[in-house]
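**Student:** From these two lone chains plus the hints, build me the complex, please.
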Amino acid sequence: MNNLDNVLKFSEEATFKLRAIYESRGYSHYKMSKFEEYDLYAGNKDFLMSGNVITFTDMNGRLMALKPDVTMSIIKNSTCEKGGLEKVYYNENVYRVGKSGLFKEIMQTGLECLGEIDLVSVCEVISLAAQSLAVFSDEYVLDISHMGILTGFIDETALNDEAKRELIGYIGQKSVHAVKEVAAAYDLAQKSVNKLVALCEIGGDFVTSLKKLEPLCESEQTIKALYELKTIYEVVSAMNVSLDFSVVQDMSYYNGIVFQGFIKGIPENILSGGQYDKLVKRMGKKQGAIGFGIETDLLERLPKNNKKENDGIAIIYKSGDDAKLLNECANKLRADGKRVLLVKNLPENRSFEAVYYFVNGGLEEIE
Amino acid sequence: MSDLINIALPKGRLGEKVYNMLAAAGYDCPEINDKDTRKLTFENPEKGVRYFWVKPSDVAIYVERGAADIGIAGKDIILEYSPDVYELCDLGIGKCRMCVAAPKGFKYDNEKTLTVATKFPHIAAGHYASKSIDIDIIKLNGSIELAPILKLSDVIVDIVETGKTLIENDLEPIETIIPISARLIANKASYKFKAEGIKKLANALV
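Sequence order for the protein chains is A and B. This note's numbering puts the last residue of the first sequence at 367; the count rises by one with no breaks. This note's numbering puts the last residue of the second sequence at 1206; the count rises by one with no breaks.
This is chain B alone, in the form it adopts within the complex (with noise of 0.2 Å):
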């Protein structure tokens, strides 16, 4: 554990968003700007920071496990995956819905085992226990919305944004399970030694 304060930052355009909230705050690292760069790594010793780039659902593992000070990571992977981590605020972007999404005129048949397709396992089963509804969880890594048209499930649960995708592939949403949107999160450990550093950082973001 370096004093840098090490940041996991999901690649895409939630990741490069909240590096430009960080860097209008006075956290820049100019070099991860560079396109042509092969760098993982990208640091400012001057203030105090270094990013790295790694797939929006492995932030909180990164995190957890301490490779990562802190990280930005989506609701549905900390609900998903239940980190043991400190999830200091709601930055209010990334904003999606957490949905059971069917083809359009689906009704629920309590006589036979409903087929979930989902690559959010834990949280299906969660949702629908809940609701003492027996179902067959099939874990998918994509393309979820295919799994109803070819019947390979009857319902599927995944985030929702704009619900585009769906409306293409005449499904629909037919249940919100949970709003989703980015988390600041941070290793405990991490928050001990290098609390004013985190806070500071934390409080510019939101």
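Excised from the complex, chain A in its bound form (with noise of 0.2 Å):
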């Protein structure tokens, strides 16, 4: 059977086209081992989606631990000089805590730009994230934020750090009676509250977005911001995003663009990204970084990704039936295209196109 249509599943599919607009933009494959030394994550837990790590010691007594992340391996092994860029994608397995509360082994797909990060890079990466959606369907979605915005706006409210983590989290939520509820606790100015529940509310179309927005960035860090996030629409256009400060992430890590890839029919973000330069200088390295992950798992809840309408063709032999002529028989159905099962019984739970019964050498069908 040449026609691997037939027999990719549409994630597995989705992972070789992603493959090959990654290798289109002059990205490495990077390859790794499923275990890294438990220390490599003990320090930035926060970064991590959930704090738990599968773990375990090494024949030399080292705690280890199964992967729960990609990224944090990619920068300690990063290499590059001052001025370069190291481009990477990968496609590994990771293991982490899912909504259930249990381990799960989770098919990640995604890419890193280390190095110093400019507007070019920025812009590269979120084209990227956005055609990566684009690969999985049309009706996709690729909310973009901006942590110089929203910790601009909140810096500007000059509450305390638990103050902040609040609003942020209620940004998150868009929950504009929350921050309502928080200026009123701490009896913000009218102009901060204004700004924070902008940021509640923006959403939906980027330009009619960018004007809202634009007479509230006052500060050099958000008329910065701003500007980036013109600019990558200038790039990205054509491409289904939208501007939604919803797209929250971990101040610690997180410096720039941040942003996240809803697919329809997929009840969660399925891409999640953004520049993490503060990662990258936790770690002790001096230069910054850009990327992004995808769940590929999550294209199961997709109604197309089961290609088969059935399994095939069945043919039951018995024992001592002619080795010779009963592949015979089933290669030529194969030469067709057919998947052909060659079986005593026929399993329960298939359904197929058609079963046969091999009788003297032939085919019989069984209606």
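These are computed hints drawn from the structure, not numbers from a lab. You may find that some hints are simply not true.
What the hints assert, rightly or not - Straight-line C-alpha distance at most 27 Å; calculated BS3-like pairs for lysine-lysine:
(1) A/K264 x B/K1047
(2) B/K1047 x A/K191
(3) A/K211 x B/K1200
(4) B/K1199 x A/K264
(5) A/K164 x B/K1055
(6) A/K211 x B/K1199
(7) A/K180 x B/K1199
(8) B/K1151 x A/K180
(9) A/K180 x B/K1017
(10) B/K1095 x A/K180
(11) A/K180 x B/K1131
(12) B/K1131 x A/K264
(13) A/K99 x B/K1055
(14) A/K212 x B/K1112
(15) A/K45 x B/K1131
As the list claims (entries may be wrong) - Here chain B is said to cover these stretches of chain A; the calculated rule only asks that three of the stretch's residues, wherever they fall, bring their Cβ under 8 Å from a Cβ of chain B:
(16) 139 to 150
(17) 171 to 180
Note that the Cβ used here is the ideal one computed from N, Cα and C, for glycine as well.
**Tutor:** Below, the structure written as structure tokens:
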């Protein structure tokens, strides 16, 4: 059977298409081991989606972890020279606690661009994120946010760190009422309240959102972030992107653009990424980095993931039947592109296009 | 995910009240009022909505997992389960308080571990952690007021609406943890693809 279209699941086919896209932009495939020393994660647990990690002691007594994350391993091994850029992509299994509270093996595809990150790199990565989503479905949305705007507006309130974290959480939930409650509790100036409420409400069309945002950006930090957003939009305007500040990431790790991708039919974000120079610096490296990860297992939720209409053809034979003739019969069908299963008893829970008995060196179809 | 807006309503008075608010705003679905029906979902394609009743504590799960696009959940449930959803508005109904209650005359003894019976272990743990008080949580699923009476726990953390049940059992609220009311929550992915419909419906509720 030469036609892989009939064999590959949608998620597998999509993974190959993603590889082709990343390779076309010069990204190299990054292969790594499944284990990493636990110490790598211990200091940056908040960066992980869940602080829980599967650990074990290796033969030398070192505490090891089954990788909960790929990004930190890539940063650790980065050898990027000053002024250079290292561009890699990966397809790896990671081990995390899922929504059910149990550990899950998750297939993740993603890419990282490490080095001196400039707007060219940022635009390239955002564009690749949108292109990746387009591989899965025409009905996708890439929500883009900027930590520079978010932290800029929040820092202007001069609240304590706990209140700031609270506000970020509420902006992430689009909870205008909760933001107003915090504002009232701390007696924030109306100007600050308006900015924070705008962060909850901005969404949808990028151009309209930028227009709403522009008059609110007054500090050097937010004006610079606004310029970055405008530039990014110029590059990806043909794609389904929207400005949405409910995409929030940990301020201790992320500093610039952050984004999340959604596909219609999948009830959670399938893609997540951003610029995380702060994590790189916390890990003792000087450069910056931007990247994203895609949970390709979630593609199982799409109806088109299961492309098989049936299990093909079954041929039932008996012990002692002529193996050569049986194989010739089966191969004839396979040459026509059919899937053919040779069995002695018809398996249950399978749905075949046709079932044959192998009788007297030939095939007899069963109704 | 169909193009109808799937709405998870909490079984009980609160859910009925919210349905009536939605019906009055034009999102009615007459068959939902048929008391003899055994149907579990009720839809009105003309109005673009599908309703279903679920246990109040399950609303957040239905919404987070995308079976419902939006739902009405108490702030207590949202705080306890921390679902990854949008909390679009405070409906200002179903108001009550999450309280610590204890037998009348109870005095906290900081020389022993405080035992706390509750249906809300995360909320209780978070509350006492913020006060650096060491507690032993006893997770119960109902009749929480019974726990201090039978000396199963020193105090309880529970929802107090009128406080009548507490008074009848010689208990009293000693501390309010947080005010509670009903919230409109939305699945994050649904919000991307049904934004207009969800916003319109949310506006009809506030």
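**Student:** With reference to the structure, classify each hint as holding or not holding.
**Tutor:** For each hint, the structure was consulted:
1. A/K264 x B/K1047: holds (21 Å)
2. B/K1047 x A/K191: Since the Cα atoms of B/K1047 and A/K191 sit roughly 39 Å apart, the hinted pair is violated (cutoff 27 Å).
3. A/K211 x B/K1200: Within the cut-off at roughly 22 Å; holds.
4. B/K1199 x A/K264: Measuring from Cα to Cα gives roughly 18 Å; hence the hint holds.
5. A/K164 x B/K1055: violated (34 Å)
6. A/K211 x B/K1199: Holds, at roughly 20 Å.
7. A/K180 x B/K1199: Distance ~19 Å between A/K180 and B/K1199 Cα, so the pair holds.
8. B/K1151 x A/K180: violated (42 Å)
9. A/K180 x B/K1017: holds (25 Å)
10. B/K1095 x A/K180: holds (18 Å)
11. A/K180 x B/K1131: Judged against 27 Å, a Cα distance of about 26 Å means the pair holds.
12. B/K1131 x A/K264: Violated: B/K1131 and A/K264 sit about 44 Å apart, past 27 Å.
13. A/K99 x B/K1055: Holds. A/K99 to B/K1055 sits at ~19 Å (cutoff 27 Å).
14. A/K212 x B/K1112: It is violated: about 56 Å lies between the C-alpha atoms, which goes past 27 Å.
15. A/K45 x B/K1131: holds (24 Å)
16. 139 to 150: Three-residue rule met by the stretch 139 to 150 of chain A, so holds; n is 3.
17. 171 to 180: Since 6 is at least three, the answer is holds.
Of the numbered hints given earlier, the model fails hints 2, 5, 8, 12 and 14; all others are met.
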